[in-house]
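J.: Turn these sequences into a full structure, and let the hints steer you where they fit.
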Amino acid sequence: GQQLNQSPQSMFIQEGEDVSMNCTSSSIFNTWLWYKQDPGEGPVLLIALYKAGELTSNGRLTAQFGITRKDSFLNISASIPSDVGIYFCAGQLAFYGGSQGNLIFGKGTKLSVKP
Amino acid sequence: NAGVTQTPKFRVLKTGQSMTLLCAQDMNHEYMYWYRQDPGMGLRLIHYSVGEGTTAKGEVPDGYNVSRLKKQNFLLGLESAAPSQTSVYFCASSKPGLDTQYFGPGTRLTVL
Chain A
718 GQQLNQSPQS MFIQEGEDVS MNCTSSSIFN TWLWYKQDPG EGPVLLIALY
768 KAGELTSNGR LTAQFGITRK DSFLNISASI PSDVGIYFCA GQLAFYGGSQ
818 GNLIFGKGTK LSVKP
Chain B
8 NAGVTQTPKF RVLKTGQSMT LLCAQDMNHE YMYWYRQDPG MGLRLIHYSV
58 GEGTTAKGEV PDGYNVSRLK KQNFLLGLES AAPSQTSVYF CASSKPGLDT
108 QYFGPGTRLT VL
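These protein sequence lines map, in sequence, to chains A and B.
Each residue of the first sequence is one higher than the last, beginning at 718 in our numbering.
Each residue of the second sequence is one higher than the last, beginning at 8 in our numbering.
Among the clues, some could well be false.
DEER-style ranges, computed between Cβ atoms [claimed, not checked]: (1) B:Phe17 / A:Ser829: 21 to 31 Å; (2) B:Gly47 / A:Gly776: 20 to 30 Å; (3) A:Leu762 / B:Lys78: 15 to 25 Å.
Just so you have them, the derived chain A footprint on chain B, three or more residues with Cβ under 8 Å [stated by the list, open to error]: (4) 48 to 58; (5) 109 to 119.
Treat the hints as calculated values from the structure; they're not laboratory data.
From a predicted model like this one, the values you see are computed outputs, not experimental measurements.
Ideal Cβ positions, reconstructed from N, Cα and C, are used throughout, including at glycine.
T.: See below:
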């Protein structure tokens with residue numbers, strides 16, 4: 718099936734540092750979404766992107782929809798301990814055989830913050 | 008609003024047993040989804056529904072069945088559980104035409 722390459726797989730950062738992660742694909746996407754999952758919980762939507770080049774912020778989080786429509790990145794500024802968790806990117810392909818709404822998920826970036 | 012809820016939260020089955028996972032949403036969403044999440048993997052779509060009475064296969068449908076008899080509920084069934092179905096199962100819902108999916112808290116299933 719289609720693949721999203723999400724990197725890095727994991728990262729340890731010092732509190733207060735900025736964080737960057739990204740997702741890439743060989744396919745073109747119509748939509749990029751970024752979710753965060755806390756242990757024992759379901760993913761929670763952080764940011765949704767619908768247009769190529771779109772740059773959207775949600776508090777300390779900023780995400781961009783790549784111009785080529787094949788990638789997206791998420792930045793977290795001034796990280797704090799509660800940023801710990803797994804971050805997933807998800808996208809909807811521009812051309813697909815299934816019904817509208819199906820998403821493809823990256824494997825996640827596990828973020829750990831040193832207090 | 009409770010959003011998306013799932014029952015049960017945990018379950019242990021023996022190989023060959025059957026069970027049904029229930030997902031309920033109170034956001035009046037048309038679309039509902041069942042995913043499984045395995046260690047080191049992203050979410051993989053099992054089945055989905057674009058409306059009451061309709062269901063369709065996702066990426067990994069084998070060994071599962073679903074039903075959407077009411078708009079607010081989406082049931083996932085395992086007729087004969089296998090150890091390979093040990094996983095965390097997430098339900099999600101969304102409005103039609105929009106890609107933003109809202110997830111439930113998950114059901115952790117272990118098949119011995």
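J.: Which numbered hints turn out to be false for this structure?
T.: none
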